[in-house]
Amino acid sequence: MDTAEYTGENGLIIQQVTGSGARAGSVRDAVESYGDMLFRLCLIMLRNYADAEDAVQESFIKYMQKAPIFTDQEHEKAWLLKVASNKCRDIIRYRSRHFTEPEEVLGNIPAMDRESSHILEALMELPEKFRLVLTLHYVEEYKVDQIAGMIGKSPSAVKMRLAKGRKLLEEKYRKEYL
Amino acid sequence: MDERKLKAAAEKITMPDQLKDRILDQCENSSGEKNGEYIEVSGVERVERRPVRRAIAAAAAFAVCAGGIGLSAHLISRNGAPADEISESSEEIEPTETVTTPEASHKKWDFVNNRYEITYTEKDTVLEPSDQITAFLNCFDWGEEKDSDIYSGYYTAFQQVAHIELRDEEREPVYFNISHTVATPPESGESGIVLVTSREYEDKDWSDGYYAIDLDELAVFLDDEMQRQEFGMKNLWHDLAGAYFTVYGGGMSVEADKMELARIGEAIDALEFAPLNEIPQEAEEESGEAWHFMLDPSELVIFPSGTAIYHKNERNTDNSLTNIYNTYYKVNFDEINAVLPPFTETNDQREALMPDLVGMTEGLAEEQLRQMGLSFEKAYVETDQYQPGYVAETKPTPGEPVTDGDTVMIYIAMSNGSATVDNYLGMTEDDAVTEANYSGLKVDVEYANGYSVQGTVIGQSKAAGVIIGTGSEITLTVSTGEPPLEGYPPFGTLCKMGCFINGSEFSDGDKTLCLVSDILSRYDWSNEETDTGLFKEAATNYVVDALVNDAHRIVYIYADGTVEWIETQDLAANDLKVYRYRDIDGEVDDLLFQLHQALDDLMPYAQYGE
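Protein chains in written order, with our numbering: chain A, 1 to 178; chain B, 1 to 610.
Excised from the complex, chain A in its bound form (with noise of 0.2 Å):
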């Protein structure tokens, strides 16, 4: 049985195998690039340092062992948001169960000045979908379409969910750091 011969329309497969190889200098780059953004996303999400790092981490073995071939860089970056966010919500998934209290995780970042630290911390007070679209939206500046096809919602739930995290977010920002 020669794979190779029937691979025609699907080169995927022999592309992929041999690809993963040279797998490691990519996993460099995409670190480079788009780790701070990653962990930007899961710490808010998550608001727990060591929870963010796994997260983080398993995101990227999961690039490295599905080595999926990309049509650009914009589809590279979506996929490991997308990815992450997906390990963030098992975590939190999982967490619901266990109890974990959230921490204080800002303290740890040296840049961090007060009026950033308020803002943020009014963010992760937020219910956890608010958070995500926030992040991707504000932060990480997706279209509204671009993140409903990210989260598997609809245009207008991502609209409503941005009017409405956005307006929760300012109530809470004014009531408790104003």
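Bear in mind the hints are in silico, worked out from the structure with no lab data behind them.
Misleading hints may appear alongside valid ones.
Part of the chain A face toward chain B, derived, beta carbon under 7 Å [as the list claims (entries may be wrong)]:
id, residue
1, 27
2, 35
3, 90
4, 112
5, 139
Each computed PhoX-like pair below joins lysine-lysine, with the alpha-carbon atoms no more than 25 Å apart [said to hold, decoys possible]:
id, chain 1, residue 1, chain 2, residue 2
6, A, 175, B, 7
7, A, 159, B, 5
8, B, 12, A, 77
9, A, 77, B, 5
10, A, 129, A, 82
Since the model is a prediction, treat every value here as computed from it, not as a measurement.
From the three backbone atoms N, C-alpha and C, an ideal C-beta is built for every residue, glycine too.
Chain B: place on chain A using the hints.
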């Protein structure tokens, strides 16, 4: 607050250097060996699988590749191969005697005479003799070919199950795709449908055939999302009886011995709970006390509200857990509880003394009192000491003597101060009232005609997420199950026909769809506008866009409080009849918000897949 500040603040978070190093170390050290392993394992599996099994097993390979889960053991049991030959990845899913072997009657597929070779899916190139794929396809009752005009509308919801490529040396290949959809098209009854697409390369010509086959049958063959949803709890309860696990709940741990566990497993098994097709709304927020069945590495959790979650996990080589999937069930907690061992350690004491129920959930406390033969009354108290929904106080106090037939009081905590209004839409009246009571709200229930099932909450006077003082009143509107009077726009037709809303597909009588119909019907739309603008011009800020399949009816709801109802037999023919209505009371924000909540969590979990 300026959103740019948010961005600037978030960008101060950077990845710690040691994490970066750790990831790179791990990736660079393991990349080579992982690849080797992957190729080797596939090779071994291919060689070891028995030919009979392979045909069917390989058709399920799509699921295997995508999910990394083992092949369904049912495949094997059906073919009569011994269970110990199940490939290593499938060991956790036990074959059960509950599987019925599909009868072979129906449209017969015959690829044998074509003498083609067949590949399955893009990722798993396996060549099989064509008689085996024929045998596989002929396991199902395909029935008559369905009307493609109706069925093709469901195309977007299809998930590919298998891609079959037939080819020989002289001819271009022909492809067959087998897909399934969870949505139920009209006239197909309880069946799911499977699409068979064939393609002749030379002609560049697609022809689609639509058949409705019983998803239960297909589920027997496929260990993917669908099987999880379609299979009852039987599998996991069998796991439960056999596996090592600990049980704890009700604030104390119960050490059950093996015999006891087997008895519980069997007893629960007999209850036959059906899995849900979508995540129940309350499951997202569910936490607190529950029965945890540790089925190392998987876990089954049953909350007193009746939500049960089966977390299917896999243990990685480094001993960490990976969550493969979660299955949700709605169970009757009373039934479950009745087969579980009692929480108290000795039977003598509890008949004589008031048990310590403080800190337990309401459901558990009630169950325990019921088991003791005590009747009880409930009241709610405001307190910060206990979480809402937990017992804060009892009369008599724990340890005092009680006798059979006594009535005792239990006081359930509700929150103190401010309360957040939840989304009660779609809940049953009882659940919603209980939830609202926990939050410290006073509930007024009114009944209205609605398309939703009788007893379903179809409206709430305060929007979810709003923070109000405890003791505030909230009015819940509950459906009587009687359809409201038909008027224009005829929103009820949304409920009665399959349609798309913002790209999500709904089938006839879908719960969410009925809720949407109800929400729309509760506003006064009697003001018909004569201005009939073209829908093309206004197709921007709609919220609900429903396309009903028999005749096209498109409903746009705009942020300015108008609704456009467009009817046409043929979109291309431009014979549109457009009706425009305005919401007279101007409660547009409220309407949009309620609609949004009804629609927000309807996406099945599958769509989150990576």
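Comparing the hints with the structure gives:
The closest approach between the C-beta of residue 27(A) and any C-beta of chain B is roughly 4 Å, which is under the 7 Å cut-off, so the hint is satisfied. Because the beta carbon of residue 35(A) sits about 4 Å from the nearest beta carbon in chain B, less than 7 Å, this interface hint is met. With 7 Å as the threshold, the beta carbon of residue 90(A) comes within range of chain B, its nearest partner Cβ sitting at about 5 Å, so the hint holds. A least Cβ separation of about 5 Å between residue 112(A) and chain B falls short of the 7 Å threshold, and the interface hint therefore holds.
Annotation: interface hint on residue 139(A) holds; nearest CB of chain B at approximately 4 Å, less than 7 Å. Of the pairs offered as hints, the one joining residue 175(A) and residue 7(B) holds, with about 20 Å between alpha carbons and a cut-off of 25 Å not exceeded. The suggested pairing of residue 159(A) with residue 5(B) holds, with an alpha-carbon distance near 20 Å, which does not exceed 25 Å. The straight-line distance between the Cα atoms of residue 12(B) and residue 77(A) is roughly 19 Å, inside the 25 Å bound, and the hint therefore holds.
Annotation: proposed proximity of residue 77(A) to residue 5(B) holds, straight-line Cα distance about 23 Å (limit 25 Å). For the hint pairing residue 129(A) with residue 82(A), the CA-to-CA distance comes to about 14 Å; that is within 25 Å, so the pair holds.
Consistency with the previously given hints is maintained throughout, with no hint failing.
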